[in-house]
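The lines below spell out each chain.
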Amino acid sequence: MASVIGLLFRRLLISFIVLIGVSMLIFAIARVIPGDPARIALGPNAKAEQIEQLRAEMHLDESLPVQYAQFLSDLSRGDLGTSLYTNRPVTTDIVQFLPATLELVFLAGLIMVLVGLPLGILAARYQGRWPDHLVRILALLTVSAPGFVWAVILMLLFAFYLPLFPIAGRIADIHEVQRITGFLIIDTLLAGNVAAFGSAIHHIILPAVALSLSGIGQAARLTRANMVETYKKPYIEMAHAYGFFPNRIARSYAFKPSLIPSLTIIGLDFAAMLGNAFLVEAVFAWPGLSRYGVAVILRKDLNAIMGTVLIIALTFLIVNIIVDLLIAFLNPRIRYSTREAS
Amino acid sequence: MSSVLNINNLTLSFKTLMQRVDVLHGIDLRIEAGEKVALVGESGSGKSVTARIILGLLQETRSAVVHGSVLFDGKDINTLTRKERAALRGTAMSMIFQDPSSSLNPVFTIGHQFTEVLKRREAKISQADCKKRCLKALIEVAIPEPARVLSSYPFQLSGGMNQRVMIAMALANQPSLLLADEPGTALDVSVQAQTLKLMHKMVTNHNTAVLFISHNLGVVREFADRVYVIYRGNIVEDGPTAALFANPTHPYTRALMAAVPRITGTGLPQVPEFSDEFLAPRVSHGVNP
Amino acid sequence: MIRALRILASNPLSLFGLLLVVLIVLVAILAPWIAPFPTHNGAVVDFAFANKAPGARNWMGTDLVGRDIFSRILYAYQISLTLGIVVLAIATPIGTVVGLIAGYSGGWLGTVLMRIVDVFLSIPPLVLAIAMMGVLEPTLTNAMLAVTVMWWPWYARLVYSVARSEREEGYVLAAEVIGANTAHITFREILPNCLPAIITKMTLDMGFVIIIASSLSFLGLGVQPPTPDLGSMVAEGARYLPDSWWLTVFPGLAILVAVFGFNLLGDGLRDVFGVDE
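Protein chains in written order, with my numbering: chain A, 1 to 342; chain B, 1001 to 1289; chain C, 2001 to 2277.
Rather than coming from a laboratory, the hints here were simulated on the basis of the structure.
A virtual CB, placed ideally from N, CA and C, is assigned to each residue, including glycine.
Accuracy of the hints is not assured; some may be wrong.
[As the list claims (entries may be wrong)] The following label-pair restraints were derived from C-beta to C-beta distances:
| # | chain 1 | residue 1 | chain 2 | residue 2 | range |
| --- | --- | --- | --- | --- | --- |
| 1 | A | Glu49 | C | Pro2093 | 46 to 52 Å |
| 2 | C | Pro2093 | A | Phe245 | 20 to 26 Å |
| 3 | A | Pro163 | C | Leu2023 | 35 to 41 Å |
| 4 | A | Leu330 | B | Asn1205 | 37 to 43 Å |
[As the list claims (entries may be wrong)] Okay, derived cross-link-like pairs now, EDC-like style, lysine to aspartate or glutamate, Cα gap no bigger than 20 Å in a straight line:
| # | chain 1 | residue 1 | chain 2 | residue 2 |
| --- | --- | --- | --- | --- |
| 5 | A | Lys233 | B | Glu1060 |
| 6 | B | Lys1119 | A | Glu237 |
| 7 | B | Lys1197 | B | Glu1140 |
[Unchecked claim] So these bits of chain A aren't anywhere near chain C, every CB distance computed over 12 Å:
| # | residue |
| --- | --- |
| 8 | Val18 |
| 9 | His133 |
| 10 | Arg136 |
| 11 | Ala195 |
| 12 | Asn276 |
| 13 | Leu310 |
| 14 | Ile327 |
This is chain A alone, in the form it adopts within the complex:
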C-alpha cells in the first residue's frame, strides 16, 4: 500500500509540472500567435479607445512574462477572467457547462468499457474464427468515422426514422429540476423526481452511444490484441492442461493479465472522448462545455477559450491519475513492489 501512495504523490507532482506546461502552451497559443487579442476580440469595427481599454484590462501592455505571471496568479485564485461572450466570469460559465459534458463523457466511457472489453474478450477467445472476424471488422468500422458521423447516423435512424429517442436536449422542458451537482441524472434522483430522471436518461442515451462508438472499437481492438499475446503464455497452456473451461480461461486467466496494459490506452481513449464531445454535443444540441467552447471560439473570446482548454486538460490529467492508480491496484507487481525489493 505504501508504494501505491508513493506512486500517487509522484503522479501528482508530475501532473502538476505538466499542468504548468499546459498553461504555458495555452498562454502561448492565445498571446503569441494571433497578434493583438484585443483587436481580434472586439472585431474590425472597434474604436481605438475601446481596444486600448480592453488591452489594459487584459494586461496586454505588459511584457509577456509579466502577463504570464499575472495569468498564473489569477489562475491560482480560480480567476480565469471574464468571458466577452457571456459577460460573466469564465469560471462561472465552466461550472455551469462542465457537468453536462462530464455526464455525457462518463456515461460514454462506461458504455465503452462495458461493451468494448467483452467484445475484445470474445474475439480473442474465438481467435481466427468468425466471431473474431466479425468483431475485428465492426471495431475497425467504428473507429473509422468521427463522432459527428455516428451522431448523425444514429439520430437519423433512432430519432427520426424510428422515433425511439429525442432529437436534442438534456431533458424534456416540462421538468423543473433544482440544480445541485449539475449532473441531471444525479439531481433528478436527489429531487426524487422519477419522471424527470427517466427523461434525463432517455435524452442522454443516443448522444452517449454516438460518443462511445469509436471508443468501443478501440477498447475491443486493444483488448483482443493484448489477450492474443497473453494466450501465447505458458500459464494459459497450463490452465488448459488443468481442464478449465475455455470461456473461464478467457474471462479470468487470460483477461486479467491483459487488462493491465489495456487500461492506460483506455484512459487515453477517454481523453479522446473529451474532444469528441465537441462533435456530438453540436449534433444533439447538448448544452455542455464543448458547445460553449465552440461558441466562444467562433467569437474569438480568448479568456473563455483558455479557460475551457485548461479545464479539459485538468480533467484529462485527473482521469489519467485515476487510471494509473487503478493499474497500481490491479497489478500485484506494483502493489507489492516494496516486498519484492526486500
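For this one, chain A is given, so just place chains B and C on it according to the hints.
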C-alpha cells in the same frame, strides 16, 4: 495389471492450406500404474506433441489430425468428446511445464490458483478444507512458511519455490498419470536436480505414473524406470533404464549417449548430426528388467 | 519489399484496404476528369436542380444550391488527402527527430523533451487543434498547421520508446564500442529500425488526420465554403435532417470509406512488420 496409458500406432500430422506435415509416424507406448517412464529425444522429435495428445489438447486444434488409439485407464482419449477430455485434465492426469515461474498466472496468488485446481476435483470444497489441503500439500513438498507462500504471487517466489508449488499442484488431485515436459530446464542445475529428486520421491509416495519428457539422457537415467527413445516421430529404442543404458543398440541412441555432456545436466547436449543409420528399425529391450 | 507485399496481399482484408486506398487516391487525383460536374467544386449555383434526392442525373443528390454531391465528394477527397499528406510530411520528421534525440541521448535533455511532449499529449488531440483554430483564421493552411502541432508529439513518443529499447540492443552497443559518433548511431543504426513502426503509424494516421480535419471543418473551424470539405458538408446538411438525408449521409459515408481503407491497410502493415500497437 492394466496399463494407465496404452498408446497404439499413434500418428499425428498438421495440415495447413498448402501442405501436410507428418509429425508422428505410429507410436506405441505403454505405462503401467505407478511406473516412471521417460520419453527422450531432441527438440522437434515429437515428444512434446505426444504429451499434448495424451492431455487431449491437440485434438482440439483444427490443424492437427490425430489417428490411432490413446487408451487412458481403458478409455480412448481420441474418441472422447471435448467435455469428457476436459474432465480428465487436472483430475485424473496433470502436467508440469518447463518454466515454473511463467507457467503460474502472474496476477493471481498461489492460494487462488491452488484452490482453483482443488475445485477441479471437488467443486464444492469448503474454504477451510481448501486452505488445510493447500497447506498440507505445500508442506509435503518441503516449502517453508507455506501460509506466506499461499498469499504470495508467483513473481514473489524463486523459480525453485514455484517449481515445488507446481509439483504440489500437479499431485494435489491424486492423478493416476503425471506428464512432466522437461520440468525445470529453465532453472539452474542444482535447483533442477533438487526438485527432480523431490518429484521422484513425491510420485513414488503417491504411486503416480509419470511420463517424463526430456532431451537429457543423464537426467532420465536417474529418474525413470523405463525409457523410450524417439527420433523424428518414431520410437527407435525402448526398454528398462538399466538394460538400455547397459546395452544401447540403436544407432541413434548410441549417438545421443555419445552427445551427453560429461558432467550430467549441464545445458543442452549436442544434437547428433543426422545419419542414415538413425532410420534403422526399432529395438526393444522388453518390459521387465 | 516484394515479400512484404505478398504477405499483405495474402490477407483479404488488408488487400481490400489497399484497393480502397488506391481507389480513393485515384478518384481524388482524377476528380477534374471523372466528376460528372467538374465545376461544382466552387461557388456555383444551379437552383433548377437544388436539393434533389439521389437519382440518375445526380447519384448522390444535389445540395441546397443545386451542386452535385458526388462531384463535391471527389474534390473533397483531394483536400482531405492533401491535408493528410502535408500534416504527416511535416509532423513525422519533427516528431521522429525529437524522439530519436530524446531516446538516444537520454539524460536531462531527453527528460525535458519528453516532458514537453507530455504537455502536448495531455490536451486531448482534437481540443488542441480546436483551441489553435480558435485564435487562427479558418483557412486550409492554418488547419494544416493546427493539426501538425497536435500531431508531432505522438511520433516523438513512438520513436522515443522504440529508440529506448533499440539503444540497449547489441548492434548499438557494438557501434559505440567501435567508436561511431552519436549522430551516426542515431540516424544510421537506430532510425532504420524505427521505420516499420513509423510507416505503420503513418498509414493508420492518414485515416486519423482525415477524421480530425473533417471534425474541425464540421465545427466551422477548418476549410471554408465554397471549397468542398466532407466535414462542412455534413455540418451544413445536418440542419436539413431527416428530409434531405443525402446532404449528410453521403459525405459522412465518404469519410467512413476513406478512413476504413487506411485503417485496414495500416492493420495489414502492422501484421507484416510485426509492430506492436
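Hints and how they fare:
Range check, glutamate 49 (chain A) to proline 2093 (chain C): about 47 Å between beta-carbon atoms, so the 46 to 52 Å window is met. Checked against the given bound of 20 to 26 Å, the beta carbons of proline 2093 (chain C) and phenylalanine 245 (chain A), roughly 51 Å apart, lie outside it. Proline 163 (chain A) and leucine 2023 (chain C) have their C-beta atoms about 37 Å apart, which keeps the hinted 35 to 41 Å range intact. At about 39 Å, the beta-carbon gap between leucine 330 (chain A) and asparagine 1205 (chain B) stays in the expected band of 37 to 43 Å.
Distance check on the hinted pair: lysine 233 (chain A) and glutamate 1060 (chain B) sit about 18 Å apart at the alpha-carbon level, within 20 Å; holds. The straight-line distance between the Cα atoms of lysine 1119 (chain B) and glutamate 237 (chain A) is roughly 18 Å, inside the 20 Å bound, and the hint therefore holds. Between lysine 1197 (chain B) and glutamate 1140 (chain B), the direct Cα distance comes to roughly 13 Å. Compliance with the 20 Å bound is thereby established for this hinted pair. Annotated as non-interface, valine 18 (chain A) brings its C-beta within 12 Å of a C-beta of chain C; the closest such distance is 5 Å.
Not every C-beta of chain C lies more than 12 Å from that of histidine 133 (chain A), the closest at about 8 Å, which undercuts listing it as non-interface. At roughly 8 Å, the least C-beta separation between arginine 136 (chain A) and chain C is not larger than 12 Å, which violates its mark as non-interface. Every C-beta of chain C lies more than 12 Å from that of alanine 195 (chain A), the closest at about 28 Å, which supports listing it as non-interface. With a least CB separation of 7 Å from chain C, asparagine 276 (chain A) falls inside the 12 Å interface cut-off, contrary to its annotation.
Distance check on leucine 310 (chain A): its Cβ comes as close as 9 Å (rounded) to a Cβ of chain C, failing to clear the 12 Å threshold; non-interface status is violated. With a cut of 12 Å on Cβ distances, isoleucine 327 (chain A) stays outside the contact zone with chain C, its closest approach being about 17 Å.
The structure fails to meet hints 2, 8, 9, 10, 12, 13 from the earlier list, while all remaining hints are met.
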